[in-house]
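Engineer: Protein chains in written order, with this note's numbering: chain A, 1 to 141; chain B, 1 to 141; chain C, 1 to 141; chain D, 1 to 141.
Keep in mind that the hints are not guaranteed to be accurate.
Pairs involving identical chains hold if they fit within one copy or between any two copies, as the list cannot separate such chains.
[Claimed, not checked] The list that follows gives simulated cross-link-like pairs (lysine-lysine, PhoX-like), each with its CA atoms no further than 25 Å apart:
no.: 1; residue 1: Lys42; residue 2: Lys67
no.: 2; residue 1: Lys67; residue 2: Lys125
no.: 3; residue 1: Lys83; residue 2: Lys67
no.: 4; residue 1: Lys41; residue 2: Lys67
no.: 5; residue 1: Lys126; residue 2: Lys67
Hints were generated in silico from the structure; no laboratory data involved.
Quick caveat: nothing in here was measured; it's all calculated off a predicted structure.
Protein chains: 4
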Amino acid sequence: MTRTTAYTSVPVRYAETDQMGIVHHSVYVIWCELGRTELIKKLGFRYNELEKQGYLSPVTGINLQYKRSAVYDETMTIQTWVKDYSGVRIEYGYLISNENGETCVEGSSEHVCVSKDSFRPLSIKKHLPEWHEMYTREVSH
Amino acid sequence: MTRTTAYTSVPVRYAETDQMGIVHHSVYVIWCELGRTELIKKLGFRYNELEKQGYLSPVTGINLQYKRSAVYDETMTIQTWVKDYSGVRIEYGYLISNENGETCVEGSSEHVCVSKDSFRPLSIKKHLPEWHEMYTREVSH
Amino acid sequence: MTRTTAYTSVPVRYAETDQMGIVHHSVYVIWCELGRTELIKKLGFRYNELEKQGYLSPVTGINLQYKRSAVYDETMTIQTWVKDYSGVRIEYGYLISNENGETCVEGSSEHVCVSKDSFRPLSIKKHLPEWHEMYTREVSH
Amino acid sequence: MTRTTAYTSVPVRYAETDQMGIVHHSVYVIWCELGRTELIKKLGFRYNELEKQGYLSPVTGINLQYKRSAVYDETMTIQTWVKDYSGVRIEYGYLISNENGETCVEGSSEHVCVSKDSFRPLSIKKHLPEWHEMYTREVSH
Chain A
1 MTRTTAYTSV
11 PVRYAETDQM
21 GIVHHSVYVI
31 WCELGRTELI
41 KKLGFRYNEL
51 EKQGYLSPVT
61 GINLQYKRSA
71 VYDETMTIQT
81 WVKDYSGVRI
91 EYGYLISNEN
101 GETCVEGSSE
111 HVCVSKDSFR
121 PLSIKKHLPE
131 WHEMYTREVS
141 H
Chain B
1 MTRTTAYTSV
11 PVRYAETDQM
21 GIVHHSVYVI
31 WCELGRTELI
41 KKLGFRYNEL
51 EKQGYLSPVT
61 GINLQYKRSA
71 VYDETMTIQT
81 WVKDYSGVRI
91 EYGYLISNEN
101 GETCVEGSSE
111 HVCVSKDSFR
121 PLSIKKHLPE
131 WHEMYTREVS
141 H
Chain C
1 MTRTTAYTSV
11 PVRYAETDQM
21 GIVHHSVYVI
31 WCELGRTELI
41 KKLGFRYNEL
51 EKQGYLSPVT
61 GINLQYKRSA
71 VYDETMTIQT
81 WVKDYSGVRI
91 EYGYLISNEN
101 GETCVEGSSE
111 HVCVSKDSFR
121 PLSIKKHLPE
131 WHEMYTREVS
141 H
Chain D
1 MTRTTAYTSV
11 PVRYAETDQM
21 GIVHHSVYVI
31 WCELGRTELI
41 KKLGFRYNEL
51 EKQGYLSPVT
61 GINLQYKRSA
71 VYDETMTIQT
81 WVKDYSGVRI
91 EYGYLISNEN
101 GETCVEGSSE
111 HVCVSKDSFR
121 PLSIKKHLPE
131 WHEMYTREVS
141 H
């Protein structure tokens, strides 16, 4: 068995370029979020449902390595997977490549779950047992 | 007497440029919002206080004319004023110019006030009498 | 015969929301650009090719009416068509609707073509005869 | 002697918030860029001049740790300094804090210099000796 990987296709928007003629480096952070959304759906959940239950999942860290520039009018592929899980903290892995299969950006992000009111990290195992089970399954491969 | 005008100074961010080498046209919409925030402060109010009272002021229309491009590393000035007011709908006027005093963008935006729950336009006169008085005073000049 | 309309599907990104809990009004300006890109492809052209030939097509005006809010986790449809054409100035029309077919935003944008060096509007008929023919055909319906 | 630190003041824009009611995590990447621009000016250089000479300085890595959320209507302070320098690669450090002096985000970014045409990293010592001298001086403290 292998971990689940989501493949998200995203055309480069003109507004995402900068005067270097390439995609601005901040945009990849947003693309990673698109990948995360799709991975969560593929795993049978919806991030929006989490928020409707009174929880949020803010980012606590991001680490991206830029290898090659993306440009306007090409379609990127974002690969996303669950990289690590501690019961409290989730780490997602990302690989963003262009149409020629060349890696543009690699990296990871870390997240916790908090309640809307307190914004304090909580035990996913206790408060969101189904998510806990899913994360545990993914990292046990 | 004349209407109140706010003068907001905003340096062009690198991330706001696109591959044309100029500021992307969507950015001016955000700059108008900065001008609006400052005008409201100058008139003695705070937009954030409005939201804390349970109201929002969404945009219902925007109209911008682009005359000249803004570029990275210059500082723009946004002039903002109350252009029209109906008791329900507020129209703000904008003039965005560069360091040489040349007009880059002119335009206007329209807004209503709604309650957070219903999102339905409400009478500002009735629900926000101090704001009503201020808007009325501004457009009576 | 009828005018060509492009239908562009765009999922709402989390980063596109604001603290009102709805899509920020500046985002629709970017969505209109996505619609324009797709319409141009459907008409047999590519905006990027225009730039490679040394031309740019900056926005000279934008006018949007906001009717209803878009929210995270829904997929929007952007309808785009050529609304008017003068030989120098092109006007595109937009209608952005949600999954229930409700109109969220309607509007238009105006554009000229300029050379990369001068940034001065030029005759499309003279410099870009194939684009001229296409625009003329679209507005003659 | 101590390293030079730039202090950049940036009011939180409404458009920078998301439906969590806090600043979207991608925005800090843009704020770091603002800090970098200011640090470079404080050190007697201008990034724009570099580009006019035919060089670019793309980001090759970014690493941010999010400690606390920033919210609308407060003014953030971005501290930026040169953290490391290898002759080819520059690392900047960042500390972003709110009005109460609380740290919201800490992190770093890595950059190279490339020529506009090739996009290949070059020796700063050889091609940009004044910048080399400045970076060397900063990290020798």
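Engineer: Run every hint past the structure and note whether it holds.
Structural biologist: Okay, the hints, checked on the actual structure:
no.	hint	verdict
1	Lys42 to Lys67	neither (27 Å within a copy, 29 Å between copies)
2	Lys67 to Lys125	between (36 Å within a copy, 22 Å between copies)
3	Lys83 to Lys67	both (20 Å within a copy, 21 Å between copies)
4	Lys41 to Lys67	neither (28 Å within a copy, 28 Å between copies)
5	Lys126 to Lys67	between (39 Å within a copy, 23 Å between copies)
The structure fails hints 1, 4 (numbered hints given earlier, in ascending order).
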